[in-house]
Amino acid sequence: MGTLPGVIDHVGLDPQAAAGLHVDLDWLPYRSNFRDPVIARRAIDAQGHPLAHGEIAIDLAQVDQARFEAQVTEALRSLRAGSTNQDPAYVRLDQEFKPLRESVIWQFNRLFWQRLNEWQSASGRGSEAVPGETSDANNPQSIEDNVADFWTLLRDLDARGQLPAEIFALEIGVGTGERAAAWLDRFKELDEQCGGLYYSRLRFLLGDYSPATLEAALAAVHRHAPIVAVLSLDALNPFKTLSFLRFKILYIHLTNVYDNLPFDEMVRRGEGLYLVEVRPYLDAAAVQRLTTEHARDAEQLTDTMKRLLEGGPEAVHQDRAKGVAFWRCLWHALRLEERLRAVDPAESDHLPSGLSRSYLEDLLAGAPADARFQLSRGAAESFANTVPLLHPRGFLQVQDVFVTAMDAYRQEFSGPGKVDGSIVSSVNGALLRAVASRAGFDVHFAPFRYRAGSRTSVLYTTPRD
Amino acid sequence: MTLPILPTTVIGSYSMPSWLEHAKNDFLQRRVSRHDLDEMYDSARKAAIKDQETAGIDIVTDGELQRDNMIDYFAERIPGVQIDHSSKRFYYDYYESTVRSKLASGSLGLAGEVKFLRRYTDHPIKVAISGPHTLVKRIQNLHYPSEEAFALDLARVMNLELKELARLGATYLQIDEPYYSGFPEDLPWAIRAVNTMVEGVDAKLVLHVCYGNRYGKPSWEGTYRYLFPTILDAKVHLISLEFARRGDEDLQLFNEFKVPFAVGLGVVDVKTTEVESATLVADRIRRALKVLPADRLVITPDCGCVHLPRDVAFEKLCAMVEGTRQVRKELG
Numbered sequence: 029m030g031t032l033p034g035v036i037d038h039v040g041l042d043p044q045a046a047a048g049l050h051v052d053l054d055w056l057p058y059r060s061n062f063r064d065p066v067i068a069r070r071a072i073d074a075q076g077h078p079l080a081h082g083e084i085a086i087d088l089a090q091v092d093q094a095r096f097e098a099q100v101t102e103a104l105r106s107l108r109a110g111s112t113n114q115d116p117a118y119v120r121l122d123q124e125f126k127p128l129r130e131s132v133i134w135q136f137n138r139l140f141w142q143r144l145n146e147w148q149s150a151s152g153r154g155s156e157a158v159p160g161e162t163s164d165a166n167n168p169q170s171i172e173d174n175v176a177d178f179w180t181l182l183r184d185l186d187a188r189g190q191l192p193a194e195i196f197a198l199e200i201g202v203g204t205g206e207r208a209a210a211w212l213d214r215f216k217e218l219d220e221q222c223g224g225l226y227y228s229r230l231r232f233l234l235g236d237y238s239p240a241t242l243e244a245a246l247a248a249v250h251r252h253a254p255i256v257a258v259l260s261l262d263a264l265n266p267f268k269t270l271s272f273l274r275f276k277i278l279y280i281h282l283t284n285v286y287d288n289l290p291f292d293e294m295v296r297r298g299e300g301l302y303l304v305e306v307r308p309y310l311d312a313a314a315v316q317r318l319t320t321e322h323a324r325d326a327e328q329l330t331d332t333m334k335r336l337l338e339g340g341p342e343a344v345h346q347d348r349a350k351g352v353a354f355w356r357c358l359w360h361a362l363r364l365e366e367r368l369r370a371v372d373p374a375e376s377d378h379l380p381s382g383l384s385r386s387y388l389e390d391l392l393a394g395a396p397a398d399a400r401f402q403l404s405r406g407a408a409e410s411f412a413n414t415v416p417l418l419h420p421r422g423f424l425q426v427q428d429v430f431v432t433a434m435d436a437y438r439q440e441f442s443g444p445g446k447v448d449g450s451i452v453s454s455v456n457g458a459l460l461r462a463v464a465s466r467a468g469f470d471v472h473f474a475p476f477r478y479r480a481g482s483r484t485s486v487l488y489t490t491p492r493d
Numbered sequence: 004m005t006l007p008i009l010p011t012t013v014i015g016s017y018s019m020p021s022w023l024e025h026a027k028n029d030f031l032q033r034r035v036s037r038h039d040l041d042e043m044y045d046s047a048r049k050a051a052i053k054d055q056e057t058a059g060i061d062i063v064t065d066g067e068l069q070r071d072n073m074i075d076y077f078a079e080r081i082p083g084v085q086i087d088h089s090s091k092r093f094y095y096d097y098y099e100s101t102v103r104s105k106l107a108s109g110s111l112g113l114a115g116e117v118k119f120l121r122r123y124t125d126h127p128i129k130v131a132i133s134g135p136h137t138l139v140k141r142i143q144n145l146h147y148p149s150e151e152a153f154a155l156d157l158a159r160v161m162n163l164e165l166k167e168l169a170r171l172g173a174t175y176l177q178i179d180e181p182y183y184s185g186f187p188e189d190l191p192w193a194i195r196a197v198n199t200m201v202e203g204v205d206a207k208l209v210l211h212v213c214y215g216n217r218y219g220k221p222s223w224e225g226t227y228r229y230l231f232p233t234i235l236d237a238k239v240h241l242i243s244l245e246f247a248r249r250g251d252e253d254l255q256l257f258n259e260f261k262v263p264f265a266v267g268l269g270v271v272d273v274k275t276t277e278v279e280s281a282t283l284v285a286d287r288i289r290r291a292l293k294v295l296p297a298d299r300l301v302i303t304p305d306c307g308c309v310h311l312p313r314d315v316a317f318e319k320l321c322a323m324v325e326g327t328r329q330v331r332k333e334l335g
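Same order as they appear, the protein sequences are chains A and B.
Remember, this note's numbering sits 28 above the position in the first sequence when you count from 1.
Remember, this note's numbering sits 3 above the position in the second sequence when you count from 1.
Just some of the chain B residues that point at chain A, by a computed CB distance under 10 Å:
#	residue
1	24
2	184
3	214
4	217
5	224
6	226
If you are wondering where the hints come from, they were derived from the structure by calculation, not from laboratory data.
Glycine included, C-beta positions come from ideal geometry on N, C-alpha and C.
Next up, chain B with everything else stripped away, as it sits in the complex (with noise of 0.2 Å):
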């Protein structure tokens, strides 16, 4: 499937239904059997494909309703790090986990979600993973002398993984990195660990830099001029950033500075149920257009959907795509 100019895609979570969060949390409290819970994983994901592909989204994700959050689904998986699974009720809080001798080299088992997606969908996909400067900042490390060291470590098992599912075809690999606007001075060291994450994964790497969006609110405020110059050396395809709820004004950035990625234009607020209008989305990329060449820009929400009701989500995703055709349209 060729991609059009202005090609839309999600963040990567989609809304998650409240039925499938008291399931999750049954499961926690071992009233609903892992079999059961995966089932319906399998269900929402299909559903969640479905409404992308009907909404009229170009690169689809599964939804990731099957993660609890960001930090969890991760955590569980790397190798070397504990879990107290006895540290939650509700599902999406965090595990406590921790890290107390060196990470082994080994899957993280993320290769099921691309074949999940290749199975239901023809579109182009992208898998989402939460980036090593995030986990870091949630998994208690009791072994390496820094949270760089961490991070660099992570980023090497991590880089494994994102091999085998560029093998098994995964067209967008998409790193999120939510916790930079929340300490710009990591960033030097953040970045070199997305470098080692990347090296030599053939796939369109996605970098994924927002506000948060932990239970559907920021988690800081400021504007993205603390990610320049360092995020220029990001070995990344494209960056996406959130633009609707904050006002564009970042957008200046891009005349300043020569990015050598594409870039992805959050154009829908994820933190309101108001839905906008294809006329405001269209808006929204004309002024980003003043800027930046169609032919580097993707369209996107701000962030994941996962906190809007399902209806809100779909129509917000409809809008996007509407007001993405009618810009297409006049860009001929």
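Looking at chain A on its own, in the form it has when it is part of the complex (with noise of 0.2 Å):
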């Protein structure tokens, strides 16, 4: 850090713009991930218009300490008022600077998920490549705790007279189906044990946007198939697909599934909000591997892109192999510029629809004056298009990493990062909380302590009065 007054001077920044400077020094936990060891973000207002805020952002976990003085050098020139910014070298994937949430990375996290089979043929890791699978999901003795928890529930109300005649439980997003499976056989198992009352009343639904995954679930559970029913739904609004079912189910269950909705970041500096804004783009060593390696023209590399996020590999190459290759070299030099847009008090364009700025007052008053926070605006979407299906007496329970408290985003970089093919991140719990918190529930907190070192918390719901 010595060397930044130094630099500053040589570079020739101006007064307003060094005195406004912010430094961020963060350590990114993903070692694959969307940012060069330093980078620089500029500010405009919320007109566009340049401001005199500026930061440069420092990966400790990355930066190579040789190159660090050029490294905050370029970053430090690119901020000066008039600066091109950026080698010619670079390739832009994207001319404008747009909102996380409509990032073309999301398109590669949908490609992802889509084409599974063949980034896991590619990269010879069957299962393994897939996150949620290498998650705390299927841990038998969190699943045995779950069933009994639900089990005693079912007891309770049918004590009290309430328990419906038919129990509705549901799994969003359903990957192989093995936990569904282990679920359905440990409920079995428990019920025979005490007299057989609810397993024939059980309809347990699985839920998930991808047919094929649907389909390999079945297979999986197929032990039960008389009371397992699977639906095409979309994640972000499970209440469209089920709404018949409103009130109805006692149990929902999600794994892994919010991480991967589409987010956006906030920054706040002081007294002012900025959304983050990004521009993809490909480094000079990333468009010379991708042009010599894969026989790409780097003028072509945008087009390309787009062709494979619309056709997947085969619309990039005649042989799939090659194809899953160029995929798989593109995403992992693909990185985002960054710049922060501030944030007009009164407007709420950048709050997911159905939230008021209200929810975001709430967030803020236990924040801290200076974070970087994701605003889960996909996984609050998805809660709040999920609750309304939830019996009275029903829960929630989610199993995802959360950052809790605004104030822990101080504290760690939550994300985004790269794993395998899809985008890792932190859930904002703060967030749910407080949209919880207006649709009738609270939500809790749990460390999953079935694994030592697991970074997995468990959410789960219960009736707000």
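Both chains are sitting in their own frames, so use the hints and assemble them into the complex.
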């Protein structure tokens, strides 16, 4: 850090910009991510006019001491007024800055889940490559405890004469179906031990947007076929598909779904609130690799990417394996340039539909003055469109990686990063808490206690009175 | 004003405007004055009355828009209940409220609601009050030996208030008891408390029992069977129940039990923004008429409209009135 004043002087940053310079020191836990070791962020006002505020962000996990001064110099130069920014060998994959939720990275994410088998074949890592399957979702002890809790709920409702004739349970985002199968096995076993009261009344629904995934999951739960149904649904709006089950489902479970739904990032600097806008690019080394190893013209890379995202690997190469190799290389190399757009306190365009400004005000009331945080709009939307399905005594349980208090955003980088071909990030649990409270629920976060060192938390709801 | 056959009414609350929600929250943060907030309340309540009249509702309320929720508005007014005013930031949340000594007899200050309604409408009017069972479930009791004892004393205090409201011209007085459905085992003493509350009150007395509408969702599910036969002892003129969202299977209970009161028939689901057609409303009324005579039915929504957007609430009331008119025509 001692080099910074000298570099600022050397670069000739104007005094106003130097005075407003903000330096972020991060430690990105994801080996693969969207950032170069040192990046610059300019700021603009809500109308797009430049502001004096500028930032450089340093990833201490990636930074190379030998190149540090050069990288800082380059970043600071890009902050100078009138700077054209970046090495001419860089390739911008989009000319426009956009909020993160609209970034091309979500199209990559979708492609990954649609073409999982092809990615796995190329990686040679089989199902190990699936983030959901390396999670704690299938932990037998966790499932056993979960089933026991659910069975107790059923018994209590039954004792009060309030148990419906049909007992609905729902799994959203089914993966291979392994968890659902284990859950149903355990439920049946427990129910038989206790007199066989409820298994035959259970209606277990598997919901996923991918018909292929549902088919595979259905095969996994074949032992319970008479009580299982599969539904194609959008995790952002389960209610749309299942409105006929309003207030009827007693148990809803999701694992590693929320962290894969689109989010935005916001930055608070004192009194200022900014939306992070991004623009994808490839650095010179990546361009070199893609043009030589994959025989692509640098000028055609943007169009090739679009073809890939629209048509899959076969749309960019007749040999599908080579198409997948290009996809993997491009994804690995993809970086995001960042810009901060000041948010007008009166506007609400940056907020997810259905969420009012007061939610954000609630969040910011508990946030540090200097923080960067996820606005987990996809997770919030999914949550808000799921809880109306819950029976008054039912509960929602979500296994994911959460940031449960706004203050924690100051302590660690929470994403986004890359795991194989998908996006990984923490989910803003504090936002979900605010959303839940207006929807009539309290949310609680329990650490996943079944595996030491697990980053997973379990969100569960209780009715709010 | 003479009421027609199958009179229509709301349960109590009307759509809460988002601007009023913001103002309520700002008041809690001391960014809006009591005076300004009261002016907003008056405007919103006048609009709620006007909307009901325009929709064709026969018995109107003031929309209850000055109430934060069904607990705090009363807890703050009951002499002897202590409120921790720092305990909420969002108006709809509940204060922490506690009773530490015997309740005093004194006014709850609800007379203003009757006067307001009397000033701004010529229709028969209704004022709803949260019942003793509901209040006991939310106010921490550090004095009375039991919930029942607390409820009966609450009922004693509230009885004085109800008599005053009746004297001022409240046509209908309604007691709201959404917690019965969660605690059916309490029903014997809860009904005793209602009877204490209404003793000697000269007005049409209504008991509203639903499955909850907190945050626009039910708090419990089940069947109204738990009400019977205990509910038959309630000394009220009308019992108001929800049937639209839950279906009308429980109407059969009125074949099974000869009730001494009329029935408020919930024909509009207040937990969905989907507006019922007048035809659907009429059909629901016709089905009820197979079990109960027309002169024993009052047509209502399932519960308060507080969580519905204003345009939806208004359209639902219009559909309810139109559906009722269709059936009235058939009845001649």
